[in-house]
Structure formats: structure tokens, C-alpha cells
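Trainee: Read off the chains here:
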Amino acid sequence: MAQLFSRSANTIAKASIYGGAVVAAALGWLVVEAIPRSSYATGKTVVYKQPVPFSHDHHTAGLGIDCRYCHTSVEESAFAGIPPVSTCMNCHKNIWTNAELLEPIRESYRTGVPVQWRRINDLPDFVYFNHSIHVAKGVSCYTCHGPINEMPLVYQHATLQMEWCLSCHRNPEQFVRPRDQVFNWDYEPEGSQEAVGAKLVQEYQIQKLENCSTCHR
Amino acid sequence: MGSPHMGSPEMGWNEQQESPREAGAPGLDLAQVREKLAAAEGPEYWRSIEELADTPEFRDMVHREFPRQASEWPEGVSRRGFLELSAASLALAGLTACTRQPEEKIVPYVRQPEELVPGRPLFYATSMELAGDSLGVLVESHMGRPTKVEGNPEHPASLGATDVFAQASILGLYDPDRSQSVTHLERIATWGDFSTALLGRIQALKALQGEGLRILTQTVLSPTLAAQIEDVLARLPKARWHQWEAAGAHSARAAARAAFGADAAIRYDFAKADVVVALDADFLTSGPGWVRHARAFAGRRKAAWKKGEAKMNRLYAVESSPTVTSTQADHRLALPPQGVAAFAASLAAAVGVPGAAAGDLGAFAQAASWVAAVAEDLKAHRGASIVIAGDCAPPELHVLAHALNEALGNAGATVLYTEPVEARAEDQIASIRGLTEDMRAGKVDTLLILGGNPVYDAPADLGFAEALLKVPFRAHLSMHRDETTAWCPWHLPASHFLEAWSDTRCFDGTAAVVQPLIEPLYPSAKSAHEVMALLGATTDATGYELVRGHWQRTVLAGAGAGFEAAWRKAVHDGVAGVGAAASKAVPVAADAVARACAAARESGGGMALLFRPDPGLYDGRFANNGWLQEVPRPLTKLTWDNALLLSPREAEKLGLATESIAEVAAGGKKLALPVWVLPGHAEGCATVHLGWGRSRAGKVGSGVGVDVYPLRTSAALWQAGGVTITKGSGEHTLASAQTHQDIELQTREATKRHLVRHGTVEQFEKNPHFVGEMGHHTPAADETMYPPHAYNGYSWGLAIDLSSCVGCNACVVACQSENNIPVVGKEQVAGAREMHWIRIDRYFQGDLDDPAVHMQPVMCMHCELAPCEVVCPVAATVHGPEGLNEMVYNRCVGTRYCSNNCPYKVRRFNFLLYSDFETEVLRMAKNPDVTIRSRGVMEKCTYCVQRINLARIDAKREGRKIKDGEVVTACQQACPAEAIVFGDLNDAGSEVNSWKASELNYGLLDDLNTRPRTTYLAKLSNPNPALGGGAAHSSGHEGDH
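Taken in order, these protein sequences are the chains called A and S.
Residue numbers for the first sequence follow this note's numbering, so the first one is 8 and each next one is one higher.
Residue numbers for the second sequence follow this note's numbering, so the first one is 49 and each next one is one higher.
FYI, nobody ran anything at the bench for these hints, they're computed from the structure.
Computed from a predicted model, the values in this text were never measured in an experiment.
Worth double-checking, as some hints may not be accurate.
Subject to a maximum C-alpha distance of 35 Å in a straight line, what follows is the list of computed DSBU-like cross-link-like pairs (lysine-lysine) [said to hold, decoys possible]:
| hint | chain 1 | residue 1 | chain 2 | residue 2 |
| --- | --- | --- | --- | --- |
| 1 | A | Lys215 | S | Lys320 |
| 2 | A | Lys206 | S | Lys632 |
| 3 | S | Lys355 | S | Lys1011 |
| 4 | S | Lys1009 | A | Lys144 |
| 5 | A | Lys215 | S | Lys747 |
| 6 | A | Lys51 | S | Lys701 |
| 7 | S | Lys354 | S | Lys286 |
| 8 | S | Lys355 | S | Lys427 |
| 9 | S | Lys518 | A | Lys206 |
| 10 | S | Lys354 | A | Lys51 |
| 11 | A | Lys215 | S | Lys153 |
| 12 | S | Lys632 | S | Lys359 |
| 13 | S | Lys718 | S | Lys359 |
| 14 | S | Lys518 | A | Lys144 |
| 15 | S | Lys1011 | S | Lys617 |
| 16 | S | Lys355 | A | Lys215 |
| 17 | S | Lys718 | S | Lys518 |
| 18 | S | Lys953 | S | Lys153 |
| 19 | S | Lys953 | A | Lys144 |
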């Protein structure tokens, strides 16, 4: 009886076994690594349309307005605060009063109906983050929000995944700054970050809080 | 039989509701139970009669932590079906991880209020009224959204504590079933329509000087509302104002008139009372100022172990229906109503009250022996004792209590009399009767019902509803479209007290502003002030202007030009700042005592039916509040139902058992309701609770329980004599939480391992270490295989004083509100799936017919060596660096191993999606600082970790340590009796350490080496040696093992 399979079947069999393993590994990598950490899943660097294309680049890097002019509660509350329309109108009552782009702001101010912004840095509802304590311990806006002062439209700078939070909670010395430099966009550590950071961790009594209830409750 | 959750083991899960029961035949042999209790080796502590009987069904139920449904796989599922399901669920479980976070919006203010910091709550002072009493509260507001009620430390009725009703009022505000619009003949109308119709009517009545205009309110405490009504009455002199409060202080009013010939409010100072005699009085959980009373009373209970303070007080409770107050009693005597009356008369005679004649105690041998001892004790504490009669006690008991207090020199010392706190004290029974008669006679043309639900709760003999139909123009202001709404063409939606300006006065006469926290959720809701303003001189006055104007003219008139500042301060503080009402001397009329004694003698025999306000629904007004429906009633642990409470002997005589149906006939009317056998209930009477069986309460409360108002007549508001109780047919499953989450077989274990520890002051003084000696061997610190945890920072701990806890449930609902705990419904409670993080274990001790009762709140113990932590396969419950046993919801996969391994049974599992994620308005009630748990997740007490975290962050920002008392758990904050203390165990000076240093301190099941961080201070009682051991039954198990 003739052979059912030709000699080449051996190669195909081998190829399909090894190939299968490769495909499985690739799939595994996709499911475990690539997709969860992709910007599709995390929202990192994705730019969304907002009711008004507010530019941090223009207002902060360009005009030099301090973060806290708008985000008033960042030093005392969990929530940094999104400015009320009245804050916008402090200036825009007088400048760019007829700009088409600003009509939603003026309309809100006239009618009392708030502007609805798309939330960009959005933690899951079972995570409780507190801005005030991070600022008080020398974590700069830049550390988490990246070069937000130069963003024409805001996007998420970090993955906001737990491993990212822990990278700092485990090694705060790599990130902390002197308290008076938290809102300084041009900050450069005097010497190596490690040395400055280690000193500040001591000085500010920064704990490496890694237990669950720090953020989850 | 008996308990609802006792399916036989072989029964399929879908059969259990229809399980055949032997109707009416008690499955428990009570005689046998008594024998067991009497036997030397019998159990000392027990939680239910079923437990004592120790039937196979009961064992099975306890064996399964979550009875029936929980561990049952539905029958008829094939292997193939099982595999299909598991494959599908596996695949779907994988997919759920792929959902993306939903898009969220940020909606900032247009103009942000100045004092508001986004993300931080603000607290506003206001007051909550309830049936002629008011409580000052601070309400937590998250960006304009009230989420939690706390007590106002500056308010004399609260001193920082709250009650169960105030805690649950938040849910009442967000009740989705609230009325949202004015309606006329069931069609949507406007306030304009109503105002036009009403004013047309009034115009016509003006010529008649208001003849035919009637206003019906509940008890009015608001000075402004009273002034508004008086103003209308002044302009229309023939108009009349009626009041009706179903569960009001009718007896106290009648007694004040009988005894003093004048109306008076009574103020008690329990802090100064060494001896208290409660005559059918539940003063620790009801009556004006009870929150304050509970604190003062508990202060004197703690005196026994807080050395250096005043000595411990002594409480005698004589009552027919068991009250929460009597669980604190050093001596308790259960007597039928005529027995209580006879006892009071005899006591008055023994103390030497002029005109008193001893009652007939022939039938009550024990009571007779009591009289002399109690009288001696009272006489030994002249000026430092209190005799108090409860709101539900008949007027003659109140008169006798007044006379006793006068004779003992308590009047003016521990008992103060003031002018009435309510705006107009009147005989409300006569008032509602007069109104009904006039309506029937066609004398009423226009009736405004401002709040209340008289069609449901007016005395049955009056025929209020039928008479109401004779009134041509009738309007009803209420928050719900209730029973009365159905009989009134005009329905007016009322605002919640958190939505409108008003004012009120509390038990000691202190005036307070009721400040709104939020605009009315439904814009057409208005307050009674605004409705009355329609009849006033200016029709467009707002509630704010009305209240402010009235205060300027009256309460704060003394401030003169400084009014604005005084007003702002009063609004801010929640109290007027002008002090309490002045006390006055009111002598008891000479013949009043003789008449009261005669009335006591005449009070009839036969079976009596006692009506009591429900500990959750009160008079029915809270029927649509899920928190209050589901809170286990302190003594019965019943939820979602009322029952006929009977003593075990009476039940035996009548052939009734728990859950069998009884037919109760009184005054020609008959009702069928399920029976609950309550140990400690007096014989010769039965108790029913008001507030149930509402037909138009809303989605939650309609049709729940049995309405007993049809049996309640104006002549017998609190107790009806000559009642016949017979066995009905059938059974009704009651959802009681009394044997749920059992710590092993509690019958034996509670006794052997001393879960609740108890002794007398004398015992404690003789041997301060008696509590420690009760327990089994507690392993030493090094007796463990686990490495020790080090605590360099904080180390949290909690202590509960069992001498203070009355089991009022304020902590249970406070925890529910603070921690977003869902309501599960009757079926789920029957399956032991209630979600409360705190359960209050109620133990009976001793005799089946007259047991002592102990309350023990049990929540997560935050064990140092926690059995739950080591069995979690996904590390969803872990030990924190400050000693907390942390629960990580987002990690939990729902194996329930932790709960299985928890010896305290304090973990709760979301078997179904209990939290309501859908109803928009209910979302507003949630605490934003706590995760809302979904299905398949375990949860439990966290020591209010959100509060710890906030305090830690605030302290760190200020570069300091958390101060003692800075972190207050929700249960601790709510507790009227200050029975709970929380703090840092690493802080040597902390209050919690000083409690734990007491010799009374013990850990629950500490022989298991779990090293609980929550510990208990054993309950002490102070029995009178002249009466023997008393209710304490303190057999003092020092040497039993």
C-alpha cells in the first residue's frame, strides 16, 4: 500500500506544531501584554474632542498661568477641581469676547447650564486617588500628567494602570521633588534625582504605601 | 418548623417556599425546652426557641452558613448541562475583562459657591422632626448632595448622636416613589390651579368668618407654622385647627391635665438618677429626647468600670410588652397591663404618696414581693431617682409616676416640668373625633390636611375616611401619594425636611432652624409653611422669609439690631442659642392620685392587645424606606413583617407557634396575622406593631405586613381589652435574622465559650478578673506559627461596652448609609443573605418565660491572625500595615472561602446584584468615598477605612499624627449610648486603650487565637440584693471548666 502522506507532510507537521506554538505565544502576548497595555485599552495618549478646545499649551506654557489658578482644590482635596465657567470669564469677559470657539463658555455663563467636559484621566471607580497628599509630598503635576502644560488638547500621559502607580509607590525617590517645585514646569533636580529624591523621602517622611486599602475601599 | 429557613436537607431549592407544614401544630415541645433550660448542664445563653429545641432542621440550617439556596445546586441539572454552563461562564468571565471603561463627563459649576472645595464634603446643621420630637443633626453634603446624617454635638437632644430614623432619612429624601406633582382628581395640575381653587373657597368662607374651614396637622413643633395657622384663625375666627399624631404622646398630655390641671412638658435628667423605675416605658429608644436620655443613662452604666465617676445606676422595668429599655434593666417584671397598673398603685402607696391606694396584686405574687423592695430603694434615693411612664402607658400610670416623683422629691431635681414644647397642646383624640363628627354632620366645607396619613392611621371607630367624603373641598399635602391622597381630590406634593426651611423645638424647648440641604428634588414639592402662606396676607412669601421673619419677631427678638448675626449663628449652629425652656413647679392635684389608683383597679382583665409603634416603620410613615424595613427589630430580629407577639405560655395555651396564623378579634373586627413567640412577653396580653400593611406606601412598602389600625380605637389607643385570639389556618413565613450568621452552634457555644459575658457590680468589685476567668485559655503571644506583624505607625482597634449598648440599631443603619450597603428584600433575608455589616446579636439568658436579654453588636473583628486572610486564593483579603483586615473588592472572585473560615460570621456576600445601579435618584444617596459593590463580591466592615484615610491624609499634610478621636467610625458616631470607641492602640493615651485596659475587656472566641482587634467590655448589672440575683441571673460561671 502506498504511503498516505508524502515526505513533505513531515515538514508540514513540524511547521504546524512549531508554528502553532508561535501563534499561541503571540496570542498570549497579545492578550496579556499588548492589548491591556495598549493605548486602546488604557486610553493613554488618546485625544478626545471637548466642548471647547481648551489649550493648556496656550494658557500655561504660553501665558504662564499657574495650575492652581484653575485647579483650586489640588492642595486640599482629593479632586483637583475643574474650574467653573466663571473662572474662564474672569479673563474672557474682556478678551476674545466674540470668539466663535468660546461661545459654549459664554452660553453656559448666560444660561447657568454647566459645560460638560470629557474626563481624560479617569481612574476606575474602585480606586480612590487623592491629589492633595501627592502634592504635599512633592509629587509634581508633571510626574503623572506629563507635559500637560504643552498639550494643545489634553491627553492621558500615563497608562494609569496599577503597575504604573506602584512604580512610584515602591520607588518614590525616583520621582519626588522639593515641595516648592511641584508646580514648576522647568524644574531640574540639583544633582541626580536619586540623591535628591532619597533626601526628600527622608525629609518628607514619605512612606511606601503599598497596601490595598491605601487606594481601594 | 418555626424559623423560616429550615428546609429539610433533601428538599430542592425551588420547593422550599411551598414546603408543606403541619399547620398550627407546634413542632417544638416547649415543655421539653423548659426542662433543658432548667437542667444543670443546660445552656445559659440562647438566641431562639428553635435553637434550644435543637431540632435536626435547625442543626442543618446552622451547619450551612448560608442556608438552602446558597449551597444548593438546583436539582435536575445534568452533567452535560453543568459542563455547558461552566464552559460558557468561563468564556464570558474572560470577556468581561475586555470591557472598556465607560466614558465619563466632568460637570463643573458655572459659579462655584465660595465655601465649597470640590471633593470635600460640607456639613450643615438642621433638625429632623418625628411625631412631636425633634433631633438636631449635621448633614453631610457632597457638592450639594446630602449623603449622610450625623448628630449635631451642639444640639441638646443629640449631643452628636442620632437615631435609626434620622440615619434612614437620607433614603427617604431620595425615595423614587415620592410624589412629583400637584394633582387634581388624579390629573396633573399646578400650584396655580390649587391656589385659585383654594382662594375662591376662602373668599366665600370669609363672609362666614371661616366657618367650615378646617386645618388638620400632625403635632406641630414649628413656632413659625403655628404662628401662620394662628394668624389664619385670627382672621377667620370660626375656622378650626385639628391635630392628630397616631403614635403621639396622648397619655402624657391627658395625665398632665389630670395631675397638674395644666399642660406641661417633662424633662428627665438621667445623669442624676441613681434609681430608675420604668413603667411600660421604653425611654432608651423612644419618647421625646430619647437620644439624650440614652446617653445620660449609659453614662451611669459605665460608671461601674470607669472608676472615679458617679456610681452605677439601677433600673427596674415593669412592663407588658418587652422593650429594648428592659434589656438594660437590673430587674425586670413582666406583667399584663392591669398588673403594671396595680404595681404602680401599690408602689405609690408603699412610698407614701398621699391619696394612693395599693392595687390588687393578688394574681402577681412576684410583683407583690417587688413593691416593698423597690419602694425602699426609691426612698433611699430621694431626689436622685426617676419614675417614668412610657408614651404607650395609660394616663393613670403617668399620673402615678408624677405623684411618685413629687413624693420622692424628684420633681425639680431629676424631673423638670416646663411649658409644653409643642405649639398647641391639646387632646388629639378629641380633636380628631371632633373633626370626624363635624365632617359627618356636613359642617366642614374645606379641609386642608398638612402632612400625616389620617385615612390610614386615625382611630378605626371614628370612620374617618367615610366622613372625609362629605367634605366638598379637601386637599392633602404629603410626600407620597398615600392612602389619604386616594380620598382627597387635591394632592399636594410635600418637600422633605432636607429640602425646605422650617423651624422646630426639641424636648427641652430649645428652638432650632430647619435648614434645607438641597432644592426640592421635584420642583413642585412645597412645605406646610408655603401652603399656609397661600392663606396668609402675602401669598408669595418663601419658606425662608417666613421662618426668618418669625424668628426676628419672636425667638431672636432680643437680639435687636444684632439680629442678622444672631440669625446666621442660629442657622449655622443648628440651635437658637437662647437656651432651654424654664422649668416650672407643678403640684400634683390631691384627688388625681386617688382617681388614678381607682382607674388602675378598674383596668380590665381578659386578653389585652397592645399597640406599639414599630421600631422601624414607626407609625407607618417610613414604610417605603428599605433600610427601615430591613433593619432587624431589636428583640424579634424580624424584618419585612410584623407579627402578633405572644409569650411562650400564652402561645402554648392557644395552640399557636411562631409563623402560624392567629385570628385576633376585637370590637367586632377580626384580623389574621402571623405569630411570633417572644420569650419575656407578659402573659394575658399580646403585642402588635403599627405601621404595616400599607396599601399605598410605594414600591417598597405596599402590602408588606398586616395593618393593625382597624383594631385600634380612640378609646383604646395603646391597649385594647377583651380581645380574643384564636388559631387561624395556614402559615406565613417570617424573615427573622435571629439565627443567621451563627457562630457555630450558639446554644452550647455561647454558654461554654462565653460569647457574651455578664456579671454584677458586686461580683466585679469582689473579683475584678471574673471576666477573664470565664474564658477558655487564651494562647500566649508567641503561640502561633505565623510571623508577627510589626506596627510602627498606627494600629487601629475598637471596643464595645456591652453595659451601654441598648441594641437600638442606629449603628446598623449608620453603617448602611456610610458604606453603601444594599437592601436585599424579604426573600433574601429569609435565606440569610442580609448585607448589614453590623449585626446585633440578641441573647436570651435563663428562663424561657422571663429571660434576661443581652445585646451584642458584632462586626468584622479585624483579627490579628485572621483566618480569612490565609484561605483567600486571590489575596483579596489581606492584612494591612495598620492592622486592618482589608477587603479588596476588585480582586475578589467570590469563592467565599474567607466567609467559610470566619469564626465570627461577619462577612457578607453579594449573591445577586443587590446594589441599585440603575435608579438615577438613588445613586444620589451613595457615599462617593466608598465603592459600590457588585454581584459576586465579598464585603464586610472596614473600620470605615475611608474615614481613616482622610484623617491620615489631613494629618500628614499638616505634618502631625492623627489625634485621638479624630477618626470616628460611622457606628461610633451614631451611637446614642457611646457604647463604641475607636482609636489607635499604639497611642498609650487613647480612649480605646483606656477601655481595653479595663478588666472587663474580652475578645470574642479569643481561645481560637484570632486575636481580634474589636473587643468587648462585659456587661455589668446592679441588682438589688433585696430582690435576689434579679434579672442578671448571674450564675457567675467562674468555675465551670
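Trainee: Hint by hint, note whether the structure agrees.
Mentor: Results for each hint:
no.: 1; hint: A/Lys215 <-> S/Lys320; verdict: violated, 52 Å
no.: 2; hint: A/Lys206 <-> S/Lys632; verdict: violated, 70 Å
no.: 3; hint: S/Lys355 <-> S/Lys1011; verdict: holds, 24 Å
no.: 4; hint: S/Lys1009 <-> A/Lys144; verdict: holds, 15 Å
no.: 5; hint: A/Lys215 <-> S/Lys747; verdict: violated, 49 Å
no.: 6; hint: A/Lys51 <-> S/Lys701; verdict: violated, 75 Å
no.: 7; hint: S/Lys354 <-> S/Lys286; verdict: violated, 60 Å
no.: 8; hint: S/Lys355 <-> S/Lys427; verdict: holds, 26 Å
no.: 9; hint: S/Lys518 <-> A/Lys206; verdict: violated, 86 Å
no.: 10; hint: S/Lys354 <-> A/Lys51; verdict: violated, 59 Å
no.: 11; hint: A/Lys215 <-> S/Lys153; verdict: holds, 32 Å
no.: 12; hint: S/Lys632 <-> S/Lys359; verdict: holds, 29 Å
no.: 13; hint: S/Lys718 <-> S/Lys359; verdict: violated, 50 Å
no.: 14; hint: S/Lys518 <-> A/Lys144; verdict: violated, 73 Å
no.: 15; hint: S/Lys1011 <-> S/Lys617; verdict: holds, 28 Å
no.: 16; hint: S/Lys355 <-> A/Lys215; verdict: violated, 42 Å
no.: 17; hint: S/Lys718 <-> S/Lys518; verdict: holds, 27 Å
no.: 18; hint: S/Lys953 <-> S/Lys153; verdict: violated, 40 Å
no.: 19; hint: S/Lys953 <-> A/Lys144; verdict: violated, 40 Å
The earlier numbered hints that this structure contradicts are 1, 2, 5, 6, 7, 9, 10, 13, 14, 16, 18 and 19.
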